[in-house]
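Okay, here's what each chain looks like letter by letter:
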Amino acid sequence: MLSEKAKKEIEAAMQKYPNKRSAVMDALRIAQQDGGGHLEKPDMEEIGRMLDMRLVEVNAAAAFYTMYKINKPIGKYHIQVCRNISCSLLGAEHLIKHMEKALNVKTGETTSDKKFTLSTVECLGSCGTAPMMQINDDFHENLTEQKIDELLRKLE
Amino acid sequence: MEKILLKNLDKPDAHKIENYIQYGGYKAFESALKLKPDNIIQMVKDSGLRGRGGAGFSTGLKWSFIPKDPTIAKYLCCNADEGEPGTFKDRGIIDNDPHLLIEGMAIACYAIGASNAYIYIRGEFAFGANRLDAAIKEAYAKGYLGKNIQGSGFNLNMYVHRGFGAYICGEETALLESIEGYRAQPRKKPPFPALAGLYGKPTVINNVETLSCIPAIIEKGPEWFSKIGPEKSPGPKIYCVSGHVKRPGLYELPMGTTARDLIYNHCGGMLTDKPLKAVIPGGVSAPMLTPKDLDTPLDFDSLAAKGSMLGSGAVVVMDESTCMVKTAYIVNRFFSHESCGKCTPCRDGTPWLTNVLRRIEHGEGKPGDVELLESLCTNIFGRTFCPLGDGAVMALRGALKNFREEFQYHIDHKRCMVSGR
Amino acid sequence: MVTVKINGKEITVEDNTLILDAARDAGYDIPTFCYQADLVGVGSCRMCLVEIEGQKKLQPSCVTPVLHGMSINTETQQVMSARSSMLEFLLANHAMDCPVCDKGGECELQDMVYKFGPHTGRHSEPKFKFHEKDYQLSPVIIKNSNRCVQCMKCVRVCREVVGANVLGALGRGDHQEPSSFFRHFLDCDQDGNCIEVCPVGCFMRLPYRYQARPWDLKGSDTICSYCGVGCRMVIEQRDGVVLRAKAQLGVGLNSETLCARGRFGFDFVNHPERLTTPLIRKSGRLEPATWEEAINTIVENVRSTNGAHIGGIASPRLTNEELYLFQKLIRGVLRSPNIDSTSRWEQNAVESYVAATGMNEGGVSVFDCLEADTVLVIGSHLSDENPVTDYIVRRISANRRMNLIIASPRAMKLDSSANTLLRHNPGTENAVLNSLALGVFAANADKLANNDSVKALKDSRIEDLLTLAGVKDSEINTIAQKLHASSTVSIIAGTEFLRFPEGTIGLAALKNILKSLGKKVLVMPTLDRANQRGAWEMGVHPNFGPGYSELREKGRGVDGMLLAAQNNQLDVLYVIGSDIASMYPEQELAVSALQKVKFLVVQDMFLTDTAKLAHVVLPGSSFGEKDGTFTNQEGRAQLIKKLLPTPGKAKKDIDIIRAIGEHFDRSFGPKNALLVLDEIRKEVPMYKDVNLLFNNRKNTENKLDNKASLVAAADSAALSIGEFKTKVERKTPDAPFQLVTGNHLFHSGKYSRMSRTLLGLVQGGEVEISEEDANSLGLKNGDRVKVRGRAYEATLTLRTKRGTKSGVAFIGENFDDAPIGKFFRRGDDIPRVGITKA
Ligand SMILES: Cc1cc2nc3c(=O)[nH]c(=O)nc-3n(C[C@H](O)[C@H](O)[C@H](O)COP(=O)(O)O)c2cc1C
Ligand code: SF4
Ligand code: FES
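Protein chains in written order, with this note's numbering: chain A, 235 to 390; chain B, 3 to 423; chain C, 7 to 844.
With the rest of the complex left out, here is chain A (with noise of 0.2 Å):
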């Protein structure tokens, strides 16, 4: 169930258009941050009543997007390593392997303490200072083992 905090944020997401469904994409956004990073079904139901939208229509919208995590919990901070050209060009394969033996995870998985989450992604628009990753909202830039090391131990 949505907090109310969350309903808020939405019906404010609401007033920036000119009709309710436009809101679906802020609505799940929120939604998801609200469920910890994950979207589940009844926030669909809670979405599709608040903005007049069949249910189907909410699942559709979600399941184009990638970052919206449906059914798919995620840790504490979710790692995304850009592995597109010019990442790989400057050794994100490297970065990515080394990371999967830091957090003894594979790609994809959530370490056991639910803290960590490694994904791949495609570029983010940080090409210029490759090799980057995202931690939840913070884009980290000109990675280097060393430098992930350091950043894992900083986060709780």
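To be clear, the hints were calculated from the coordinates, so they are not data collected in a lab.
Just to be clear, a hint being listed does not mean it is correct.
Partial selection, computed: residues in chain A whose CB lies under 7 Å from chain B [stated by the list, open to error]:
1. S256
2. F298
3. Y299
4. T300
5. A364
Computed footprint of chain B on chain C, listed as stretches where at least three residues anywhere in the stretch have a Cβ under 8 Å from a Cβ of chain B [unchecked claim]:
6. 175–186
7. 444–454
List of simulated lysine-lysine pairs, BS3-like, C-alpha gap at most 25 Å [said to hold, decoys possible]:
8. B:K190 x C:K63
9. B:K416 x A:K331
10. C:K252 x C:K288
11. B:K18 x A:K250
Just so it is clear, CB atoms sit at the ideal spot from N, CA and C, and this is done for glycine as well.
Given chain A, put chains B and C with the ligands in place with the hints provided.
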């Protein structure tokens, strides 16, 4: 060259409105409000500005297609989806100088008669989206947005719409679908957005960099602008350089700077002593150039003449250590991952290409695979619904054309020609 | 008009014609997947690419209109290679399990690959699979997404035509899958139109699963036997069992659509309880008998009976030919004026309804109706009662910006297409129409000074009408404005006018007023039985003869006959296909009356409650076992065609009626349905020129609208609007809801209850109220509730609907655990009920 787009990048806290104004911001908007909208459109036309989102269409002309009927609502959408791998210029502006974009948009809205504008920003740019939200708030507070702006009678609302992970949202009609709350699949054209765009209303869609050129055109005049760079595609251009160079990053230079100049002078040359093997001049959809083409000016027409394109101006530099099969695989994997699913050739063709490329790369290539790739390219190219599928093919064809023997080697020897592994 | 060249051949077509249509007109077929004439074009599958001279890229012909002077090539090397390459891409991830696919043999993908190649496979990569096992989407839909070609016609038909909007595309790229919310069971109309439009074996009929290969099926192109829309469909059988009903694109006014009843409700035909032999009551029990015995028993009992003490009731599901002969038997041979076709409507209500809707003025095409500036739907829950009309209205109103006004106490699916909604109290159509008439009058006082209808309204006070109807002044004004501003107005008037005939007064008045203002007014009745209109036009009604001809003496209708029986004044009653004992409002009365009939003959497919009381039971036929015609609600006469023989010793109804008739008059009836039709053409001028041969195939001119099949105006008709007054029980705190009834989406009449498939779609009886009322009672959708009326109480499942008028409860007809007839009392009262949690 005097910087226009990135001029505030190294100034402290340019994202705050007081500072932006202090650096000379919002003057252009104020003087634009004193002009007739049609005059502004004419100025933009005269400046010769061409869209920086990829296609290079004349911005003034695009604006002039918007119907003049004041009773019809109109929209401006800023395309800040910046999804083309290798591209990071729009983010540079948004993160550091958001008011430059807002000012450019405000002028554009005034010119086309739009009173609502959306900035479609990709979901990964959370920082930028927050920056824009804050900057928009400031602009409202200072009377640059909202009702009766600066006493002119012109009203404008501006909103940020966040994408959430779909490259196709950069395609302008998919972007509109996405704002409307549907799955972001491209719409058929015609009708073009200028007549029936967002919510069925006349809509202009412009790239961040395009809109950020507008204040300077108003301030310094179209003629000044049109004198920068080549006659047919004038103006400043932000090149996004990444890959194997010493100093990757954003470079604002006159349109038409050559690849050689860019790489060897501005970026300090190759990263190591390994020589250059290939350059992608305009984002991964653009077929690559080889060293013999290094003197090609990086502008719309010169690159088109070479069978490539300027696209978003993302320059990816690769040295001799780069395996072209792997590069092609990575690029193609991206396209098939991002295919929206609407049309058959792209939806089912790009994953097929990816599978074949993956096999070849993994040393499981089969005789005839290169020919298969070529034939699939033929079957996709020009038959897709939107240019994404074509982009995938152009990129692969570029690699196949220039480095066919590398692919064949991979297949015949089950290992990489470059690394030997 | 523009002239273009297609493959060198010059043709001239209308402006904006699609290249695809132009090419087809010119005789060149272009393969398509995503194109569907009745859906908005998307141009996504790329099968239809063609070459336009001067353009670099091939263009999708399904979304590209012709331009003058275009030169188009549809069969070049390039085009052919594009076709085969698209098919190769589609096959890349296709399941290729054709041997076990229900669609095998009639699969569009199969056919196209056969025709255009590729004839060898190059794809050897792992295939993406959506799922391992087929999954069910509803009691009637099973799905295999691995066969999907992503044309999205399922999603589009569900949204654009059906309006249910419960399917969507999930995921993207090659992971895109049309499905439901989290692949859950669908809460929808279950009409299977998604199955119909699917070109491959992705959406499939569950009841038909593994039942037959298509080439083993034998079909018959016929008309659905459920409601009055008159949908054209093909029913197919194998080894004597009907296995499938399907619609045909561009054929019939329904084109490719059907509703759940039509598509899945045919299985009553093969119900194991079908009567297969005549029965005669011997020492209190019904015993099998021969036809000879049965007919002789009837003749003996009838011969000496005075016509005035005989009655005949025949179901509006019989064909015109049967009904015509029945009428001839009852009136002409047995000399009885007592004849009727329905136990549900009162006889004068019917006459008034026929008069008010102007059925005697000839047929009115639904497509013509929807050309009007304003379309008012009133007294009809179209979405449930007349589902395909709902689709037609939705589809047309999406393209035409007419005023679509829906006046109904209950919310309905079609509301989303309307631009004005009115929620009036049940049974107050008269007040609504009168207040509209006053509204129109106010704007045209000078022109209408001498209008009779206006004069009749003199005494009505608008305030009283508004209070009665429970609507606002402003709402009525908005609609009156629209009527006033329109030069053509259509009114779609449904069965509420028969339940609450007072409304016919207002309907006639409004029509008259609008007409006298020079507006073109069309009224289209909507009916819930396939041949209700035909039954009336064949004279199966106590107030008028065939073709609405005037009678010397009016007879008794069902009410009158039951009353007479109650008073021991009905000696013989011959009932065909009508289950009065369970359908009559106020059931007990009906049963006790029927028990008093001295000699009751029931002819039916099943041993109904009525048949159980009979002295002689005759096994009749279903619509799949006979030829003949139905006249739909628009007045369109359409052919039904035999698919199967009757089971056992059962006979075609027409033969039974004739057999009885011939005992009294050797020359009683022509030998077969076609000859009876000839007689109808002679005797009923409305039918003289109806053309049945036309196949309604869609083309640019007729748009599915076969006007030649519409009946003509009656020669003379003396029909009058009756006097009626709707009564409502007083509101009490424990019974705050007004109870209304009508057809449920999955049921109509007795036969739908014999369809196992339809029964599987609803779990027992339901009562529907507004979501708002439910909230205030602390109830929610799906709760079990007690519905308490004055004389009866039932425990039902609660359904809530957003937007239904507060204080209105609905229970559909025909649920065994919700015998609606027990809530109603004889007469027009609207009963009140209370609803509490069970
Ligand atoms: C697949 C695809 C992706 C695109 N992505 C972007 C993008 O990320 N940013 C952008 O500005 N334009 C993008 N475009 C181009 C836009 O469709 C559109 O042409 C552009 O926003 C117009 O703005 P301009 O006239 O200022 O260049 C993309 C086009 C395609 C076909
Ligand atoms: S080419 Fe087709 S499938 Fe690919 S992104 Fe464009 S419309 Fe979607
Ligand atoms: S039929 Fe034209 S693209 Fe599908």
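Consistency of the hints with the structure:
Because the smallest distance between the Cβ of A:S256 and any Cβ of chain B comes to about 5 Å, under 7 Å, the interface hint for this residue holds. Below 7 Å, beta-carbon pairs count as interface contacts, and A:F298 has one with chain B at about 4 Å; its hint therefore holds. Hint status for A:Y299: holds, given a least beta-carbon distance of 4 Å to chain B, under 7 Å. For the restraint placing A:T300 at the interface with chain B, the shortest Cβ-Cβ distance is roughly 4 Å, inside the 7 Å limit, so the hint holds.
For the restraint placing A:A364 at the interface with chain B, the shortest Cβ-Cβ distance is roughly 6 Å, inside the 7 Å limit, so the hint holds. For the segment 175–186 of chain C, the stated coverage by chain B is satisfied: 7 residues place a CB nearer than 8 Å to a CB of that chain, which reaches the threshold of 3. For a cut-off of 8 Å, the count of residues in the segment 444–454 of chain C with a CB near a CB of chain B stands at 0, and the three-residue condition is violated. Only pairs whose Cα atoms come within 25 Å are accepted, and B:K190 paired with C:K63 is accepted, the gap being roughly 15 Å.
Proximity of B:K416 to A:K331 is assessed by CA-CA distance (about 23 Å); at most 25 Å being required, the pair is judged to hold. Of the pairs offered as hints, the one joining C:K252 and C:K288 is violated, with about 44 Å between alpha carbons and a cut-off of 25 Å exceeded. A C-alpha spacing of about 23 Å is found between B:K18 and A:K250, which places the hinted pair at or below 25 Å, so the restraint holds.
Of the hints listed earlier, those the structure fails to meet are numbers 7 and 10, in rising order.
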